[in-house]
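There are 2 protein chains.
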Amino acid sequence: MSSVEKPNDPLQETCLQARRVFDGILLKVDRDRVRLPDGREVLREYIRHPGAVAVIAQHADGRIIFERQFRHPLRRAFLELPAGKIDPGEEPLAAARRELREETGFKAADWRRLGVMHPCIGYSDEHIEIFLARGLHETGQQWDEGEFLELLAFTPGEAVTAIRDGRITDGKTITALFLALPFLS
Amino acid sequence: MSSVEKPNDPLQETCLQARRVFDGILLKVDRDRVRLPDGREVLREYIRHPGAVAVIAQHADGRIIFERQFRHPLRRAFLELPAGKIDPGEEPLAAARRELREETGFKAADWRRLGVMHPCIGYSDEHIEIFLARGLHETGQQWDEGEFLELLAFTPGEAVTAIRDGRITDGKTITALFLALPFLS
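Quick note, the sequences are listed as chains A and B, same order. With my numbering as the guide, the letters of the first sequence map in order to residues 141 to 325. With my numbering as the guide, the letters of the second sequence map in order to residues 141 to 325.
If we strip away everything but chain A, and leave its shape as in the complex, we get:
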């Protein structure tokens, strides 16, 4: 990681004071007083998030499970991978197993961690752990109350085409496919 983080980093900012300024039903916002590299002080506002997982679940025939889900912030449905928040105290892999089972009705025998992505570094501390799941067998969905979604399956080639033609625009889904491509063929 030498090209990202440096000892005595000249870009380093120092948090002087943290304050919760919004404690909503879903969202928590902190406003921190921060010292910049030049000594000046500024305020930074951002979402505190528990972290999430996203799963590339691949059938034996090569197809990947996708969901079509309505997303209220943008007032339309999106094509995306199974994903969800990590519960308090839950290991990321356990969250991935749970979300895959609940949302798609599949368990997987083979799991591989592909990496982590950060969806929104400007105003959220969310990180998303990305997993590849294979050896699928069906057990039946257990959707959360108020969760509505359709399940689809795309070959890796179809998924790449859907990114290139703008049908898939969700950042976590595109990042997960990028990381998974070397393992999918």
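It should be emphasised that the hints constitute simulated quantities derived from the structure, not laboratory data. Glycine included, each C-beta is placed from N, C-alpha and C at the ideal position. Be aware that one or more of the hints could be misleading.
Label pairs and their computed distance ranges (CB to CB) [said to hold, decoys possible]:
(1) B:Asp284 - A:Asp149: 29 to 39 Å
(2) A:Gly280 - B:Leu292: 16 to 26 Å
(3) B:Asp178 - A:Leu156: 45 to 55 Å
(4) A:Glu145 - B:Lys247: 40 to 50 Å
(5) A:His277 - B:Asp227: 44 to 54 Å
(6) B:Gly191 - A:Asp305: 18 to 28 Å
(7) A:Asp305 - B:Ser325: 19 to 29 Å
(8) B:Val256 - A:Gly164: 25 to 35 Å
(9) A:Ala249 - B:Arg238: 12 to 22 Å
(10) A:Val182 - B:Leu321: 18 to 28 Å
(11) B:Ser325 - A:His199: 31 to 41 Å
(12) B:Arg180 - A:Gly280: 36 to 46 Å
Given chain A, work out where chain B should sit, using these hints.
Chain B in isolation, oriented as in the chain A frame:
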């Protein structure tokens, strides 16, 4: 877009009432009352965002301009592409030209829009328009007050390696590279 949005979509949710519940220095949060497909009503909280741009700026020798920037929400520096918010009334291409000039000190003669991505569909309405900029010539940075960053340049191959080995984890940057790859070689 037929596989994403459908007429009489069975996933459609209806917004019954919108309310601003947090009006911060940087972040605006709305809490909307929404009717689900089964008729039940729920509350949805999310960030209202003006939209943003991200730029793949490629030198004549093939290298792409990257920034190393400290991101307070995650308390560390990130490798990312030049990017920034769209100002009120500003066209996305104008925002891309402005951000590239301000952050890197380069103007570009050739611009191509590569698409749009959504960084955080669960709790933000942000969209990021992605541009490829070539024919670069230097004019000098004009950093915003409180903006500190380092400029770097990676070949497309180095950028892909940095994604695969975890040095680049920023969602907008990975998505933009995915969309640009067919044009970069």
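Hints and how they fare:
1. B:Asp284 - A:Asp149: 29 to 39 Å: 20 Å, violated
2. A:Gly280 - B:Leu292: 16 to 26 Å: 49 Å, violated
3. B:Asp178 - A:Leu156: 45 to 55 Å: 48 Å, holds
4. A:Glu145 - B:Lys247: 40 to 50 Å: Since Glu145 (chain A) and Lys247 (chain B) have Cβ atoms about 31 Å apart, the given range 40 to 50 Å is violated.
5. A:His277 - B:Asp227: 44 to 54 Å: Because 52 Å falls inside the window, the suggested range holds.
6. B:Gly191 - A:Asp305: 18 to 28 Å: Holds, since Gly191 (chain B) and Asp305 (chain A) (Cβ atoms, about 21 Å apart) stay within the stated range.
7. A:Asp305 - B:Ser325: 19 to 29 Å: Given about 20 Å between the Cβ atoms, the range holds.
8. B:Val256 - A:Gly164: 25 to 35 Å: Since the Cβ atoms of Val256 (chain B) and Gly164 (chain A) sit about 27 Å apart, the hinted range of 25 to 35 Å holds.
9. A:Ala249 - B:Arg238: 12 to 22 Å: This hint is violated: roughly 51 Å between Cβ atoms.
10. A:Val182 - B:Leu321: 18 to 28 Å: 36 Å, violated
11. B:Ser325 - A:His199: 31 to 41 Å: Between Ser325 (chain B) and His199 (chain A), where Cβ atoms are some 32 Å apart, the hint holds.
12. B:Arg180 - A:Gly280: 36 to 46 Å: 22 Å, violated
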